[in-house]
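Asker: Here is what each chain is made of, one letter per residue.
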Amino acid sequence: ELKLADFQPATHPYAAGVYAPFADEVKAKTDGEVTVRVFMGGELGTGPVEQFNRAVNGVADIVFALPGYTASSFPKTLLTELPGVISADTGTERVQASLADLSKEYRRVVLLGLWNNAPNLLLMADKPVRSMQDLKGLKIRTPSRNGGRVLEAWGAAPVSLPATDIYNAMQTGVIDGAMIDATTLQTFKLAEVTKYVTQGMQPTISSFFLIMNRDSFKDLPDSQQAVVQEAGKTAALNANRIQLEVADKALADFAALPGKEVITLSADEAAPFDAAAAKVTQQVIDDADKAGLEASAYVKALQP
Amino acid sequence: MTTDDTNTTHPATGCGRRWADARPIQWAVRASTALSVLSLAILLLVITASVVARYVFAAPLLGSNEILQLCLVAMVALAMLPAAHGEQHIRVDVLDAYIGKYGRYAGDLLSRLIAAFVLYALAYRSGLQALDAAEFGDATNMLAIPLWPFYALIVLGAALYATMLVIQVADLWRCGVNKHV
Amino acid sequence: MSELLFGILGLVVMFVAMILRMPVGMAMLVVGFFGTWALNGERSAMALLVTETYSSISNYSLLVIPMFLLMGNIASVAGFSRGLYEAAFAWVGGFRGGLASASVLGCAAFSAVSGSSVATAVTIGRAALPEMKRFHYADHLAAGSVAAGGTLGFLIPPSTGFVIYAILTEESIGQLFMAGILPGILLTALFILAIVLITTLNPAAGPRNEQMSWPARWKALSGALPLLVVIVISIGGIYVGAFTPVEASGIGAILVIGLAAIAGKLSWRTLFEAGKDTINTSAMLFLIVVGASVLNPFLSFTHLPEALGNALQATHLGPFGILLLIIVFYLILGMFMDGLAMLVVTVPIFFPVVTGLGFDPIWYGVVSVIAIEMGMITPPVGLNVFVVKSIAQDVPMAEIFKGVMPFWVAMALCLLFIVVFPQIALLIPQTMFK
Ligand code: NA
Ligand code: NA
Numbered sequence: 035e036l037k038l039a040d041f042q043p044a045t046h047p048y049a050a051g052v053y054a055p056f057a058d059e060v061k062a063k064t065d066g067e068v069t070v071r072v073f074m075g076g077e078l079g080t081g082p083v084e085q086f087n088r089a090v091n092g093v094a095d096i097v098f099a100l101p102g103y104t105a106s107s108f109p110k111t112l113l114t115e116l117p118g119v120i121s122a123d124t125g126t127e128r129v130q131a132s133l134a135d136l137s138k139e140y141r142r143v144v145l146l147g148l149w150n151n152a153p154n155l156l157l158m159a160d161k162p163v164r165s166m167q168d169l170k171g172l173k174i175r176t177p178s179r180n181g182g183r184v185l186e187a188w189g190a191a192p193v194s195l196p197a198t199d200i201y202n203a204m205q206t207g208v209i210d211g212a213m214i215d216a217t218t219l220q221t222f223k224l225a226e227v228t229k230y231v232t233q234g235m236q237p238t239i240s241s242f243f244l245i246m247n248r249d250s251f252k253d254l255p256d257s258q259q260a261v262v263q264e265a266g267k268t269a270a271l272n273a274n275r276i277q278l279e280v281a282d283k284a285l286a287d288f289a290a291l292p293g294k295e296v297i298t299l300s301a302d303e304a305a306p307f308d309a310a311a312a313k314v315t316q317q318v319i320d321d322a323d324k325a326g327l328e329a330s331a332y333v334k335a336l337q338p
Numbered sequence: 642m643t644t645d646d647t648n649t650t651h652p653a654t655g656c657g658r659r660w661a662d663a664r665p666i667q668w669a670v671r672a673s674t675a676l677s678v679l680s681l682a683i684l685l686l687v688i689t690a691s692v693v694a695r696y697v698f699a700a701p702l703l704g705s706n707e708i709l710q711l712c713l714v715a716m717v718a719l720a721m722l723p724a725a726h727g728e729q730h731i732r733v734d735v736l737d738a739y740i741g742k743y744g745r746y747a748g749d750l751l752s753r754l755i756a757a758f759v760l761y762a763l764a765y766r767s768g769l770q771a772l773d774a775a776e777f778g779d780a781t782n783m784l785a786i787p788l789w790p791f792y793a794l795i796v797l798g799a800a801l802y803a804t805m806l807v808i809q810v811a812d813l814w815r816c817g818v819n820k821h822v
Numbered sequence: 409m410s411e412l413l414f415g416i417l418g419l420v421v422m423f424v425a426m427i428l429r430m431p432v433g434m435a436m437l438v439v440g441f442f443g444t445w446a447l448n449g450e451r452s453a454m455a456l457l458v459t460e461t462y463s464s465i466s467n468y469s470l471l472v473i474p475m476f477l478l479m480g481n482i483a484s485v486a487g488f489s490r491g492l493y494e495a496a497f498a499w500v501g502g503f504r505g506g507l508a509s510a511s512v513l514g515c516a517a518f519s520a521v522s523g524s525s526v527a528t529a530v531t532i533g534r535a536a537l538p539e540m541k542r543f544h545y546a547d548h549l550a551a552g553s554v555a556a557g558g559t560l561g562f563l564i565p566p567s568t569g570f571v572i573y574a575i576l577t578e579e580s581i582g583q584l585f586m587a588g589i590l591p592g593i594l595l596t597a598l599f600i601l602a603i604v605l606i607t608t609l610n611p612a613a614g615p616r617n618e619q620m621s622w623p624a625r626w627k628a629l630s631g632a633l634p635l636l637v638v639i640v641i642s643i644g645g646i647y648v649g650a651f652t653p654v655e656a657s658g659i660g661a662i663l664v665i666g667l668a669a670i671a672g673k674l675s676w677r678t679l680f681e682a683g684k685d686t687i688n689t690s691a692m693l694f695l696i697v698v699g700a701s702v703l704n705p706f707l708s709f710t711h712l713p714e715a716l717g718n719a720l721q722a723t724h725l726g727p728f729g730i731l732l733l734i735i736v737f738y739l740i741l742g743m744f745m746d747g748l749a750m751l752v753v754t755v756p757i758f759f760p761v762v763t764g765l766g767f768d769p770i771w772y773g774v775v776s777v778i779a780i781e782m783g784m785i786t787p788p789v790g791l792n793v794f795v796v797k798s799i800a801q802d803v804p805m806a807e808i809f810k811g812v813m814p815f816w817v818a819m820a821l822c823l824l825f826i827v828v829f830p831q832i833a834l835l836i837p838q839t840m841f842k
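Order-wise, the sequence lines are chains A, B and C.
Going by this note's numbering, the first sequence opens with residue 35, and the numbers climb by one from there.
Going by this note's numbering, the second sequence opens with residue 642, and the numbers climb by one from there.
Going by this note's numbering, the third sequence opens with residue 409, and the numbers climb by one from there.
It is worth saying that the hints were derived from the structure and are not from the lab.
We treat Cβ as the ideally placed atom computed from N, Cα and C, and that holds for glycine.
It is possible that part of the hints are untrue.
Here are the computed distance ranges between Cβ atoms for each label pair [said to hold, decoys possible]:
(1) C:G729 to B:G741: 36 to 44 Å
(2) B:A694 to A:P196: 35 to 43 Å
(3) B:L751 to C:E450: 20 to 28 Å
(4) A:G326 to C:E450: 51 to 59 Å
(5) B:L751 to C:R616: 54 to 62 Å
In isolation and in its complexed conformation, chain A is listed as follows (with noise of 0.2 Å):
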């Protein structure tokens, strides 16, 4: 039995859109031999932080994590962060088809799945921003230390903090507004303390991965690991799926509430944003491949 860990609620749509398929397939093709128990809502432990120690040193066997809580340890995964290398709905699959790349991340455990979340959007609380002056000296949560940087040749003040505050900063003038996706309207109420969405510009796009420890995966045969690692691919793209079609609908309920607005950027609006944000990419990239991740080579993978 291995035991999956997720740190959402039981009514995330994960557990039924993502989990419980990835355990029937797992079960099926491993004649039953192979089963999954899912544990939604922090039942072996609270937050994403740590989620990724979890899988490292076996608290769990899967975990569902984001690399941008370590960031540090995912300097090239998080390259599909940076506004301009993915576009929300084919990063997934070319990302898959890359993945040998990342290899070299993925020492401490195993990576079963890996996939993007909907596209960023400036979710104000009360200013609206159509166009960059907007935004400047502006107090914006940010979702990571390069989505930081992003905000700042945008102009505005990056503030850190954990996505669960985000609700009670935006509502009492702690922030003026988050760089976060569209699902977060829903699922952490944001669309309450919410009055304007911004979006149309080359977006950040935050990642998410199921990972195994090391051990338990060496624990499987080698056609049973393989059958793991096949669900996991699959369970990425209900995953990508299931977040763009959240977002999607997040994004339209909160359109359709009175005094609420949708500012979609022309590209004539867009351009200063991008051309800000184009730098920072650049930036990001030459420093990784002075590092010596092979950023160039991976990025240009990625493109279209």
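Let chain A serve as the given structure and place chains B and C with the ligands on it in line with the hints.
Answerer: Frame of chain A, contents of chains B and C with the ligands only:
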């Protein structure tokens, strides 16, 4: 909740100076306390500075969270020895009268030995984690502060805590059940 | 099924360990560790131990623990808390039972800088108990009002109870703090009502003092001003959204230090002593958090919480029936266990059940904190009663327990009000967060 007011019962009194109060141990406790209080002071200053930076200068200190979290690790890890020495813990002592002298003595010996085992296990496992974190260069996201020294502090705190418990067991043993309170 | 039995066995072992005087946090840690080892092997147990220890003691939200502890400790050593009591004394001391009411008010005010019931009872008790003795108050009324008043420390923000509840349930510390305000005021009022009733029935229990003159009253109030300012800025700051709870705790602590320094009531020595108390109490609280975080995954492995939830559902008592059952269970457990220990042991088991019944998680936080506070003054183990006993050594324990009984009834009434009118708890958090 407990304050230092509950810090009045020492298990091994009435039979000479306790090893737990020997001079080198007292020094270790004092040093550990001082460093933990220093971490507390840094926590206080960083929180204040980050509020001031955000309000007065409208320039949030990116990554101050990471300093705060690691300082908290240091503060708690370094407070383990003094807390063990002062025996500041919430206990359920309602049935003390019912379990009798031998029950209390056995309980105090056993619970310390078991706790010491778990704490040594924590120290050992955190040591492996520190090595791992050093080897793979694990660091915080924004400021890239290396994590291994903080795992090492947990090793130190847990090992000292466990050792203090073992010394207390030795004191209890030397003192014997009849002088136990 | 065997896993379930294993879980029950684990809990039994945990209680036995506690009876054998193992600290509560350590007992949870030990059972969680060895239980996981037995169920899932050594690797899993070791992994749990190291990851949960690190994640607990690096938890950003838990910074409020040392900061609010420091704030209360400094307020105490600088004598600000005495100012609170004296102000309350000046305003209500002239009424029948007025000194007891002043103790309750002093406790309520000090609760707004202290997260702990014990610290509140100690701090106000040291000032109030000798005064009540001097004015020939009945021992049971004097001790009862301080022991009960101290429990406000847990309900009125900041509150260690709410912090731990928030960590266990992943609810918002800020919202829980805000939810504690009105129930705290209600409970304070009910305590004072109880004092009025006691002294009406038995005027000798709390004789009248002479009324203070108005100038003397304002002067006394000005003595309480420094701490009132800190309370308004830090707790008020959370309400208006100027600060997150962590920021509020840090600002509160630095303000108290600043004011104490200006008032010339702080030396490096006392500052260090306050810091030392803070880190020691913090270490104890963090051990409890670590213990709970290692125990809970073990309980999940055994399916125990799930099974208990199903069993409660199967009683067909309906949501309020089950809630009543849980509260009664708390009251019984409260006879034997310390409040914070009760919270960490029971919340992971009951919380999913209660929220599954459709109750509001923030509201349930308030309900369980009050139920637990009742436990803190219920014999034979009443932590606050022991604390009062340590200050007023000449008063027999039985007399103190007799004294807290009317207040216990007041708490039960308060609980009933909050169950019937959930808005008492939810109004402030809901207006704050739309
Ligand atoms: Na309080
Ligand atoms: Na009790």
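Asker: Could you work out which earlier hints the structure fails to respect and list their numbers in ascending sequence?
Answerer: 2 and 4
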